[in-house]
Amino acid sequence: MKNKIAYWGVFLALALVCSYVEALIPISFGIPGVKLGLTNIVVILMMYSVGEKDALLVSVLRIILAGFLFGNAFSIIYSLAGGMLSYIVMLLLKKTNKFKILSVSVSGGISHNIGQLIIAALIVENYNILYYIPALIISGIITGFIIGILSGEIVLRIGNRFKL
Amino acid sequence: MTKRIGKNDIIFLAVIIIFAVVFSIILKIVFLKQGDRVDISVDGKLYGSYSLDTDTEVDIVNHNGTVTNVLIIKNHTADMVEATCPDKLCIKQKAISKDNESIVCLPNKVIATVTSNTKSDIDVISQ
Numbered sequence: 001m002k003n004k005i006a007y008w009g010v011f012l013a014l015a016l017v018c019s020y021v022e023a024l025i026p027i028s029f030g031i032p033g034v035k036l037g038l039t040n041i042v043v044i045l046m047m048y049s050v051g052e053k054d055a056l057l058v059s060v061l062r063i064i065l066a067g068f069l070f071g072n073a074f075s076i077i078y079s080l081a082g083g084m085l086s087y088i089v090m091l092l093l094k095k096t097n098k099f100k101i102l103s104v105s106v107s108g109g110i111s112h113n114i115g116q117l118i119i120a121a122l123i124v125e126n127y128n129i130l131y132y133i134p135a136l137i138i139s140g141i142i143t144g145f146i147i148g149i150l151s152g153e154i155v156l157r158i159g160n161r162f163k164l
Numbered sequence: 165m166t167k168r169i170g171k172n173d174i175i176f177l178a179v180i181i182i183f184a185v186v187f188s189i190i191l192k193i194v195f196l197k198q199g200d201r202v203d204i205s206v207d208g209k210l211y212g213s214y215s216l217d218t219d220t221e222v223d224i225v226n227h228n229g230t231v232t233n234v235l236i237i238k239n240h241t242a243d244m245v246e247a248t249c250p251d252k253l254c255i256k257q258k259a260i261s262k263d264n265e266s267i268v269c270l271p272n273k274v275i276a277t278v279t280s281n282t283k284s285d286i287d288v289i290s291q
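In the order they appear, the protein sequences are chains A and B. Residue numbers for the first sequence follow my numbering, so the first one is 1 and each next one is one higher. Residue numbers for the second sequence follow my numbering, so the first one is 165 and each next one is one higher.
To be clear, the hints were calculated from the coordinates, so they are not data collected in a lab. Just to be clear, a hint being listed does not mean it is correct.
Label pairs and their in silico Cβ distance ranges [stated by the list, open to error]:
no., chain 1, residue 1, chain 2, residue 2, range
1, B, Ile175, A, Val10, 44 to 54 Å
2, A, Thr96, B, Val268, 41 to 51 Å
3, A, Ala13, B, Phe187, 32 to 42 Å
4, B, Gln198, A, Arg157, 24 to 34 Å
Chain A stretches covered by chain B per the calculated footprint, using a threshold of three residues with CB under 8 Å from any CB of chain B [what the hints assert, rightly or not]:
no., segment
5, 37-48
6, 101-115
Where is the CB? At the ideal position from N, CA and C, for every residue including glycine.
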């Protein structure tokens, strides 16, 4: 238990730093709201090395804290919707044991965008923004692919050091 | 290499990419219908609605009474040709004619959107 709390703290700090770095560098993909999703590296790393529930905990805490630090109440709602949907999809895909990290990450990237868009459509009550779905799916594939390669390499190299 | 990517992953990624491409093509076909009118709003309030069938030149006047933007409707397309804002981004935006296309001039808070009289098929998608 003591080890777990230490890991939670370390990974939460790491995830927050990723959020901060992402807030610092404005990587624009031409579509508002599209981000690289660096923190997903931390979530995937935790899923594969520490534990799935721990990944969920850190993910939720990270979203709330990052929302207070860099965003506002709305960005918390959006991030939470995207984060939870992508977590569920990634977990289901991982549980099948048929896919590697790359696929898990791509599915996470796509579902994160879709989750955010659904909440956005509900909040502004304008279903025309669902028009962005194809663009967001494609950007989710691209960012998920990049993050998947990165986190795959990290898990391969240091993933087994966190086993409790 | 076998540890990084497997056969399932390649199939999975291929299916998703094909799905995304097909989906976006379908949406393009559904959405890109010829519009009927262009609605201009200034500062969030509807300024006026003009039919795309008649060629006109619309001077958009803000609440101070000065002309901020000029929109020209010609050959069923609407294009912003003049603006008082410094960056002139709205002039660079391409002419609009299809349903739901829009030209936005942020400094002057002017938005021109093409709408159609018939209801868009979007309701089918959001179900």
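Hints versus structure:
1. B:Ile175 <-> A:Val10: 44 to 54 Å: violated (36 Å)
2. A:Thr96 <-> B:Val268: 41 to 51 Å: holds (44 Å)
3. A:Ala13 <-> B:Phe187: 32 to 42 Å: holds (39 Å)
4. B:Gln198 <-> A:Arg157: 24 to 34 Å: Violated - the Cβ-Cβ distance for glutamine 198 (chain B) and arginine 157 (chain A), about 55 Å, lies outside 24 to 34 Å.
5. 37-48: Answer violated; 0 residues pass the 8 Å Cβ test.
6. 101-115: Satisfied; 6 residues make the cut.
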